[in-house]
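Trainee: So the chains spell out like this:
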Amino acid sequence: MSADPFMIMKNIEKSFNGVPVLKKVTLEIQRGEIHALLGENGAGKSTLMNVLGGVHQPDNGLINLNGEAVKMTTPRVSQAHGISFIHQELNVVPDLRVYENMFLGSELRNKIGFLKVEEMCRQTSSVLEQLGVSINPKEYVRNLDTSYKQLIEIAKALLHKSSLIIMDEPTSSLAEHEVNRLFKLMNNLKNSGVSIIYISHKLKEIKKVCDRYTVLRDGEVVGTGCIENESLDTITKLMVGKSISEDRFIHGHSFGPVLLEVNHLTSEGLFNNIDFTVRKGEILGFTGLAGDGRTELFESLFGYRKNYSGSIKINNQPVKIDHPSKAIKAGIGLVPKDRKENAIIKDLSVVHNMSLSAMRNFEKFGFIRDQLENQIFQSYKEKLNIKVHNAGITIDKLSGGNQQKVIIAKWLEVNTDIIIFDNPTQGIDVGAKQEIYHHIITLAEQGKAVIILSSEAPEVLKICHNIYVMYQGEITARFKGEEATEDEIMSYATGSKREAHQIG
Amino acid sequence: MANLELKEYNQQTSTTKTRLSWLWSEYSVIIAFLIIFIAASIMSPRFLDINNQLNILMQVSIIGIVALGMTVVMLSGGIDLSVGSVLVLVGVISVLALNASGSIFVAILTALAIGSAAGFLNGLMVAKGRIASFIATLGMMAGARSIALYIAEGGSVSGKVSGFTAIANSDLWLIDYPIIIFLIMTVLVYVLMHKTRFGRYVYALGSNEKAALLSAIRVDRVKLGVYSLAGLLVSVAAIIETSRLNSISSSSSGVQYELDAIAAVIIGGTRMTGGRGKIIGTFFGVLILGILNNMMNLMNVSPHLQGFVKGLIIIVAVLFQKRE
Amino acid sequence: MANLELKEYNQQTSTTKTRLSWLWSEYSVIIAFLIIFIAASIMSPRFLDINNQLNILMQVSIIGIVALGMTVVMLSGGIDLSVGSVLVLVGVISVLALNASGSIFVAILTALAIGSAAGFLNGLMVAKGRIASFIATLGMMAGARSIALYIAEGGSVSGKVSGFTAIANSDLWLIDYPIIIFLIMTVLVYVLMHKTRFGRYVYALGSNEKAALLSAIRVDRVKLGVYSLAGLLVSVAAIIETSRLNSISSSSSGVQYELDAIAAVIIGGTRMTGGRGKIIGTFFGVLILGILNNMMNLMNVSPHLQGFVKGLIIIVAVLFQKRE
Amino acid sequence: ACSSSKSSSDGGKKDDTLKIGISLPSATHGWMGALIDSAEKQAKELKKSDGIEYVLTNATDPNKQANDIDDLISQDVDAIVMLPIESAALTPVGQKIKDAGIPLVIVDRELENDAATVVVKGDNEGIGVNAGKYFIEKLNGKGKVVEITGPPSSVTEQRGKGFKEAMESSDGIEVIASQSGDFSTEKSLEVMQNILQANSHIDAVFTQDDGMALGVLQAIKEAGRKDIQFITGAGGGKAVFENMKEDGLITATFLYSPTMVKDAVKIAADLAKGGKPTEKMVVKEATQVTKENVEEHYDPESKF
Ligand SMILES: Nc1ncnc2c1ncn2[C@@H]1O[C@H](COP(=O)(O)OP(=O)(O)OP(=O)(O)O)[C@@H](O)[C@H]1O
Ligand SMILES: Nc1ncnc2c1ncn2[C@@H]1O[C@H](COP(=O)(O)OP(=O)(O)OP(=O)(O)O)[C@@H](O)[C@H]1O
Ligand SMILES: [Mg+2]
Ligand SMILES: [Mg+2]
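Chains as they are written, first to last, in our numbering: chain A, -7 to 496; chain B, 4 to 327; chain C, 4 to 327; chain D, 611 to 914.
Hints in this document: simulated from the structure, not taken from any laboratory.
These numbers come from a predicted model, not from an experiment.
The reader is advised that the hints may include incorrect statements.
[What the hints assert, rightly or not] Once the Cα atoms are required to be at most 25 Å apart in a straight line, the calculated SDA-like pairs of lysine to any residue come out as:
(1) D:LYS836 with D:ASP857
(2) C:LYS213 with A:GLU288
(3) C:LYS281 with A:SER341
[As the list claims (entries may be wrong)] Some, not all, of what chain B presents toward chain C, calculated at C-beta under 10 Å:
(4) ALA151
(5) ILE154
(6) LEU262
Just so you know, even glycine gets a beta-carbon here, dropped at the ideal spot from N, CA and C.
So here's chain A without its partners, still in its complex pose:
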């Protein structure tokens, strides 16, 4: 097995603006293996893969493919060498249809050069079917939910019949059953000789599907080996330098009065007759599958969507929220999911992204106090362990996980009484996840009401006092955090069970 690796990256070095990001990294991939590339946020995983994918040029080092030295000068060259790349940030073309996206760059054409639309649609359907999705291939991608977009990117890579597939956090917005389908496919691919580099912060997945691993830390390889021989704990330690407990976080609870009360909230086609309350100091979890409508529900609550009926009371006062700024005034904050689309202002600096929603905190006589901004950012940087060498650079230069942390800092700075987190730990490493959970619990302990939306049942199980499960726009179950199990949540989330449990 280890005799002649199929792909070797040797002594790769790369720095951005003089800051070294990769330091003599060596990575070997065997034919037909699934290789986990691990490391905390900002360790350099994506950068390494971008070098392999021809997106970035290394300052130094060699890439060897099938025993031949190759230079990956553009993404096109990399693809020509049989490498497919699923990027960490979605790269679909929103204004094209599903099948058009799938075949973009490798369209099927008939003899006179016209596109074979029906044939492409057929193949699209069949690949998507393998992933367990049935979307109309002629639907515009802009109308799809993020998880579908991610699935389309995966399917596109599968379509290419590559010999090496790079998957940079492919499951960050997928639900459990979609992930399982993906793993089944990955195993099939592996058996047919395809190699896969798999990047994920979900260590359980790694254990389940990967054969070997390489861990990066601050741009250096700190370990490599077979997954079977290691416990998750050792790998975690390698990555973040400490072990992480997988236990439930919170135990005792002493809630204050009801802070938010929602009655009969309905928006046609999105969610239906939603009732719930949140008390001060409570952490409430909402979970379900993609398309359950929870995102839309809370976007409505936050004033981003306006077409809904029902009543919302805060502190027993009815409120009318038709714009996010009114939501903030009423005391609701929302950390959106899909940061690239919804949260990141990529042309603003890291600091300015942090302060954007709470400008009043940084003003004096109507002018912005730059120093105060930087000062406050420093405190968040330490608190959330944000890895950034110069806070004046634009936020798109940060690693994915660190971008997410900046967004969380932004909403911590707004400091609303009710704070909604939609998929808050998307792309965040295990160590940082723990820290974020602690921050959320601290918020609750300070008497804030926290709502967490997540499609990962373990996440809500770990930190929520109460858990609501949604299915097709309705709340199908309510659990107390310590009473719920993952299996039971899944059976409500998939619609196989429907009757609503009442919380005692």
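Using the hints provided, position chains B, C and D with the ligands relative to the given structure of chain A.
Mentor: Okay, now just chains B, C and D with the ligands, sitting in the frame of chain A:
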């Protein structure tokens, strides 16, 4: 299983309301066109006259052909301000070629060559020079006009070969050649944009250039193709315009064609930032503008107020359309 | 500890290469400016003459003030084609107000009111009507010019109140008022864009409108503010232009100001699609254009070729700048 | 880029060389294009024969023209030729030239003060008036007339005014449509097509420019209309003369030659040398050209 259910959900809704709203969102420009058409027929009895209808088609054919190219450029996320000036330059040079060679064929070849060369140069600046298309084509606009003025010494040049005027002044069963050329070009560009790889790539790059690049599309070549195509279409328009009057003025021809073409494209529902829009939309956008100009003359609106009326109706037509 | 290490790197590297490349990427327009400035001094001995320098500043002040507003609009992701026409409309109405009231103060107030009202209307169409800014302001461009023509019956109107011309024709220690007004406006807009919430919001919405909305920014109000501000600045420019010549022509004044202003903004490094750019960049972009015009006059470039030379130099200046 | 080719003409004003400044609008229609060309040719000739340098500037709007004049004054030119885009707007600028002690020759449009040393102009109102007389005579004081004007500008206004006043003196003639052809052949063609649609009977067409007359002619030809008896133009373009010679529909035009600028440049050269103006006002008559006298004015080499 969850997915199957989702599918049902979909089918349920896509029946009635969805279909109507689809029609509305895809073809609202046609509805706008129909309303304006009906309003015009009511307001002026002469409007519906078959001759008047042919006149309108004839009048829009030049801008229409230019607007087709503009649509492609704008779908790719760019803009081409140079169309009017390039049209004049092409016209002037091809008349000189016509007179020098005595051959209409040579004149047409020259025109097509100059037009696509100017377009190609635009493409080079945008794709390789990474210059914003607005500024690159603004430079070309100034440059091409300038060269045309220099060559023609500020005046106009006239064809001296009989037969050249036949191109734009003949008809096939009552329908003038320019109209036929415009229709054929519309069909060709439609096919190119919707049935071939090139068109697909144009949409892709206008919608998300980075994703297009990561999909191994040769973005640079597509851009070169886009601007060259626009230049080629401009040269077709230039041939018609020159042949129609057997002359072209280096100073007054082609002035503000870019604004008319862009207005037609946007009225036709193409998004300013690219990636979204339709050739058919531009076709009707061009017709709407043509009807407006025609009506303004038919009704003898004061020249001072024509801008106001035209601006107002354009805005209402766009306002009326379905937006995101 | 990881952070500490990173910090060290930071200091190490940000010294030489980084700093230079930062300067280059942030201020390449200034470098372009310096090169053109030096080239001009070499090519024409008269160029450096203090009077000539003051002339250039005076000449760019009107377009400069317009370009400041254009920068803000373009940073927000829009465009304003109506600046030239609104300038004329403001000029015509304020001269009428001046002559009717006999008060310069009333004239200035009228100007500011009309300019910001026109801008506000642009903003309404863009923010509430969701019309692409290109088409909304194209409509305003046609409309405002048309109304100005109608009011002035196609001709020009002249001020009949002595003292009005003093606004643009007086100086403070040799420096003409228009220059001073331009400099003050630059500083004010700079402060607005870089030191206040409003500016931050404009950048945010130009970069990612949806994220800006989800950040609880009142996107609609910001847009209204942006276009009103542009209108207000146009009216300041209109006052200067009207006062300078004590008259304004409804047909020929303000022609193509939008192209000059947009060119200055893009030469200054602002991105067409918004979110990125600098007021300082526009300031130097305006100066570059001013020097070009001045040099063209000093060097007696053939009139028909001036467009060519100007287009070429603009493209070279942009090409030369650091791009993404 | 332009340094190598142009450095020869540079060098500013040496004490012994004279220099004239020429400030014109930019070439947005044929007449102006021809005028700019004539000016440059004349200036070049003078450079060859008398060694007088020149600077030629173009402006799109009055403010830019004021800027150009500032540049010319700061170059210490010895005389200035200006075709003001707008009379009112350039009047204070003319004053500035006068105050700087530079002789000023105004072309085509007068200033509103006496800053001009010499004015060389055509007779815009005369075009309208003479055309009006011609119409009344040819139509016997009765008929339906269409007017194709230029884009809004003082030229358009003056020609239109003259024509309107002349028409008012005869109540049998009715102007049934007045639309702008933007001084462009293509635009006039379209506009005339539409006007032909709207009006089933037209007797004659007055156009404010020869280029537009050609567009109108084409429209009438295409429509195959026989009711229109004649078209008139203005300016004195070669193509219009040719049509006249061939007994075409264009039966008259009124001279407004772009070559008037040549006289202005020559006068400016004299003034620069220190000469005194012989007359303060040179008016180029709006002479009526018809088939009878067309040969006198026809020049096959003309660019206009
Ligand atoms: N274009 C760039 N310019 C400057 N710095 C960059 C750029 N891209 C990445 N970096 C820096 O390189 C480092 C490594 O980033 P990378 O994206 O490879 O991390 P990662 O391991 O993928 O992290 P994550 O798990 O959060 O995705 C980070 O510190 C990041 O800020
Ligand atoms: N723009 C849109 N057009 C049409 N339907 C939409 C649109 N956005 C969302 N939907 C539909 O609304 C429903 C619920 O939305 P959504 O999938 O976002 O829920 P969710 O709970 O946020 O899921 P998750 O967070 O797990 O991805 C789905 O049926 C989805 O297809
Ligand atoms: Mg990453
Ligand atoms: Mg969702």
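Trainee: Next step is simple, just say for each hint if it's right about the structure.
Mentor: Okay, the hints, checked on the actual structure:
1. D:LYS836 with D:ASP857: Distance ~15 Å between LYS836 of chain D and ASP857 of chain D Cα, so the pair holds.
2. C:LYS213 with A:GLU288: holds, 15 Å
3. C:LYS281 with A:SER341: Holds - the C-alpha atoms of SER341 of chain A and LYS281 of chain C are around 14 Å apart, at most 25 Å.
4. ALA151: holds, 9 Å
5. ILE154: holds, 9 Å
6. LEU262: holds, 7 Å
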